[in-house]
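A.B. asks: Chains S and V, in that order, are what the protein sequence lines are.
The opening position of the first sequence corresponds to residue 1 in this note's numbering, with each subsequent residue numbered one higher.
The opening position of the second sequence corresponds to residue 1 in this note's numbering, with each subsequent residue numbered one higher.
Bear in mind the hints are in silico, worked out from the structure with no lab data behind them.
There could be a bad hint or two in this list.
Claimed, not checked - Partner residues are not named here, just some residues of chain S that face chain V (Cβ under 10 angstroms, in silico):
#, residue
1, N45
2, S194
3, Q244
To be verified - With a straight-line Cα cutoff of 25 angstroms, these simulated DMTMM-like cross-link-like pairs (lysine to aspartate or glutamate) come out:
#, chain 1, residue 1, chain 2, residue 2
4, S, K342, V, D40
5, V, K38, V, D161
6, V, K348, V, D442
7, S, K410, S, E369
8, S, K140, V, D40
9, V, K186, S, E426
10, V, K92, S, D53
11, V, K78, S, D323
12, V, K78, S, D44
Computed from a predicted model, the values in this text were never measured in an experiment.
All C-beta atoms, glycine included, are put in the ideal place defined by N, C-alpha and C.
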Amino acid sequence: MLSSQIKSNEIEFGSCNKDLLEEIIFYGLGLGADFVEIFIENTDNSSVLAEEDFITSVSPSFGKGAGIRIFKDKRDGFVSTNDLTKHGLMRSVSQAIEMLDITDKNNRVLFKGLNNHKDYSSTKKTWIYEVPSIHEISEKLLVSNKSLKKNNKIITRKGSYSRNLQEVIIASSDGTYASDIRLHQTVGLNVIASDAQYRSNGSRRFGSSGMPNEFRFWDHEKAANDVFESSMNMLYADYVDAGQMPVVLANKFGGVIFHEACGHLLETTQIERGTTPFENKLNEKIAHESVTAIDEGISEGSFGSLSVDDEGMEPEKSVLIKDGILKKFISDRAGELRTGHKRTGSGRRQNYSFAAASRMRNTYIAKGEYSKEDLLNSISDGLYCKSMGGGSVGATGQFNFAVEEGYLIKNGKLTKPVKGATLIGEAIEVMPKISMCGNDLELAPGFCGSISGSVNVTVGQPHIKVDSITVGGR
Amino acid sequence: MNSREITTHISKAADFLNVKKWDYGASFSNDFSVQVDKGDAKQLKASQKQVLTIRVWNESNLVGITTTSDISESGIKKALKQANIASDFGNKNESTEFSPLAKEPIKVKEVKKRNPVGIKKLLTLLREAEVKLLDSHESIKSVPYNGLSESFFERVYANSDGAFRSFTKSQAALYLYARAEEEDKKPRSSGSIRLGYGVDDIDIEACIKEASNKTISHLNYSPIKTDKYLICFSPESFLTIINAFSSMFNARSILDGVSLSNKNSIGEKLSTEALNIYDDGLHEKNISSSPFDGEGTPTKRLCLIKKGKIESFIHSESTARIFKTIPTGHAGLGSKVSVSPDWIVVEKSKGDYDLKTSLNHSNFDGEFVYIEELNAIHAGVRASQGSFSLPFDGWLYKNGNKISIESATVAGDIKYLLKNIVNIETNQEVTTSGISPHIWVDELSITGDA
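Can you make the complete structure from the sequences, with help from the hints?
C.D. replies: So, in structure tokens, the structure goes:
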């Protein structure tokens, strides 16, 4: 490739940029990098907020940028920029080279040029024209909000929609050359109910990836009923009494317990930091034998699904835990380089301004053989967690997450609603206590914040029983 | 393109689209950061960022907005066009106008200009800090979370009425989060953060010492019995909880029905008369200060709680108009403008009050729980309900001894907490989010493992 053959001086989406990208990669290798990776992004986003019976905010946004990462030995330098000209990209390469203090010259022999372009976007170019218009979204949100007003205890009603369309080009010195278009749509409904000194929230979020028509088929009546009932059930709830107790976690978003308690600790970034207790536990039992856990990026329409990850690799289905035995870690390029665990197509980032890191995609506990009633019947005194709030895990593996909607279990039956519960524990202790898995696996969309920003994920599980966990309350 | 050129381009594009009224906010930044892993450079980062937010008013005075990172001439035109389209969906029930204070003089703190020290120096300093922290105690095996960064940025606000403000500043940050491991014991970790206008302003030694001391002090831990306790909040933890419930002072939240306060709450007694709370974005210790908000309103000191009673709310232009007052300099820039506090200052008000002044965290020898740091705020706070249930790092003080608490949560209600303040110590301490003394609260629930 000769620089004189370059036809364009700026990256163009929807065009072949091979010559320009190759020149930039050659340039980085020529300056002594072991590896050069270019991630280029173009976004077209929109969000709409409906409050009560009015649209109160419409916020479109768009932008473009590039993230360039250079590896030398096991170190990496990352530079992000909004300048997509050849000059701007080469300047970023130079800056990354300079940061890594690279003095060896000329590694270009390693690079045989980019492979044939893998265009995952070819069937997706019409998506932008197929998604609902602002008018259509607004009307549906207003109808949804109206459905939430089922009695006068509902004092606030909100419906929100956001659509993120991301077009990416990924090229690197191992020959990777891929393009993709990603579409994520979410709808959230939220109410506050109030009666004298009592207050409660009800909220649900729905989301999909790909599927530009999904919002049109969203059952807003069912969603509104669910949110309303949740707020009413919790309005007069007492605070939960704190203590150690058995819990049943509902399917769908109950999967956040695995995401927080264990999933993060199976990311190679945690091995690199030395913050996971599972580092040397491969092929050892780390969970109850009833637990099989999977992380994959290939379920059609699921919020964490990918055609290709942000490092240009097709995602694989990774069985992380099989019958309680740890089988695999979630790995990205840097993770493979620094820990030896093979990449799993899990290199993900919020946008061009973050370097990719090993991140979960669609992560769930596989279904078991029990019914929900079997799980409840096994408990005389405990807590049923129907809806979860957010959670987090710390540097020592201690996790916590909030229970938004909970009910006491007495002699195998659900009884009164309780609020204010927080589940806390440590992964290494709680995983062996997940003793029963239901047969009703479902997935739920969410957002996960970590080292490479906020990414779309799915959490999921069937109903599960945890034999004992600390419940924070009053 | 500089900010004056952007203003000119927007003005031209607005004329072309026949948009008479517009404003914009923009930010431009250059950031550099390093992370290390046992002496090796782990990830070195640099970024150049630009963000432009344009608002336009259509002929019906409805507002539309667009945000973009494309500040080319064509990008600006596209943004203006999209904002114009979005204005068809502007909020018909609540209008937004230019801030009446957008041309008022602003106070810009005089800070000596800092120049970038460069990645290599950042790396050298962080490596040295990591070594010192690892050497500070044999149980500290790693510093899994660490970083040293410097940022240089410019913020701009301008509108079609001729307002134009900009300011440039620099900021540096160091964080060190150590992890200690001992045989047959659970790992413990703790950290420290320091901010400065430049890297040379950061007291690196103090950051190392604090991260080390905090981590080591938690090595001998025990579970705590679930019960109600007398609590002492550290300045940092009290500021965390006040910020988490700042919707009590937030006019936007009040109008949206998600605040514990209402329009008539000014004068409502929330706590002991000994408590004053201010928001003071321009405080000399606030490294992150900004002289104007997203709407161009000057930042100022504002009393939120005076002698235990709500004194004022924080406002944007539109909420101030609805409340028949003036904007307070706390707004963002959006089609629905949000407001948020800048820098909370908590103090003991002047006067003699019925406080238990014998409660002093440094010498009180009765039983109490000291909450050093609250965690997982995003998960454990229900701001619209007033309730919280939060994991924390802290100690149980008993019979003159202090025992690190293994793992526990503190739960309660913010109004109950404020009403049950039994002492406010005299000395204020500066943190990264504000200033506060130690605050004592009676009878809060702690859940532990014992």
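A.B. asks: Each hint should be assessed against the structure and marked as holding or not.
C.D. replies: Status of the hints after comparison with the structure:
Checking N45/S against chain V by beta carbon gives a least distance of about 9 angstroms; that is within 10 angstroms, so the hint holds. Nearest Cβ of chain V to the Cβ of S194/S: about 8 angstroms, under the 10 angstroms cut. The hint holds. Because the smallest distance between the Cβ of Q244/S and any Cβ of chain V comes to about 7 angstroms, under 10 angstroms, the interface hint for this residue holds. Annotation: proposed proximity of K342/S to D40/V holds, straight-line Cα distance about 22 angstroms (limit 25 angstroms).
Under the criterion of a C-alpha separation no larger than 25 angstroms, the hint pairing K38/V with D161/V is inconsistent with the structure, at around 55 angstroms. The straight-line distance between the Cα atoms of K348/V and D442/V is roughly 17 angstroms, inside the 25 angstroms bound, and the hint therefore holds. A hinted pair counts as satisfied when its Cα atoms are at most 25 angstroms apart, and K410/S with E369/S qualifies at roughly 23 angstroms. Proposed proximity of K140/S and D40/V is contradicted: the alpha carbons are some 54 angstroms apart, above 25 angstroms.
Under the criterion of a C-alpha separation no larger than 25 angstroms, the hint pairing K186/V with E426/S is consistent with the structure, at around 10 angstroms. Between K92/V and D53/S, the direct Cα distance comes to roughly 11 angstroms. Compliance with the 25 angstroms bound is thereby established for this hinted pair. Taking the CA atoms of K78/V and D323/S, the gap is near 54 angstroms; set against the 25 angstroms cutoff, the hint is violated. Proposed proximity of K78/V and D44/S is supported: the alpha carbons are some 12 angstroms apart, at most 25 angstroms.
Taken one by one, the earlier hints fail for this structure at numbers 5, 8 and 11, listed in ascending order.
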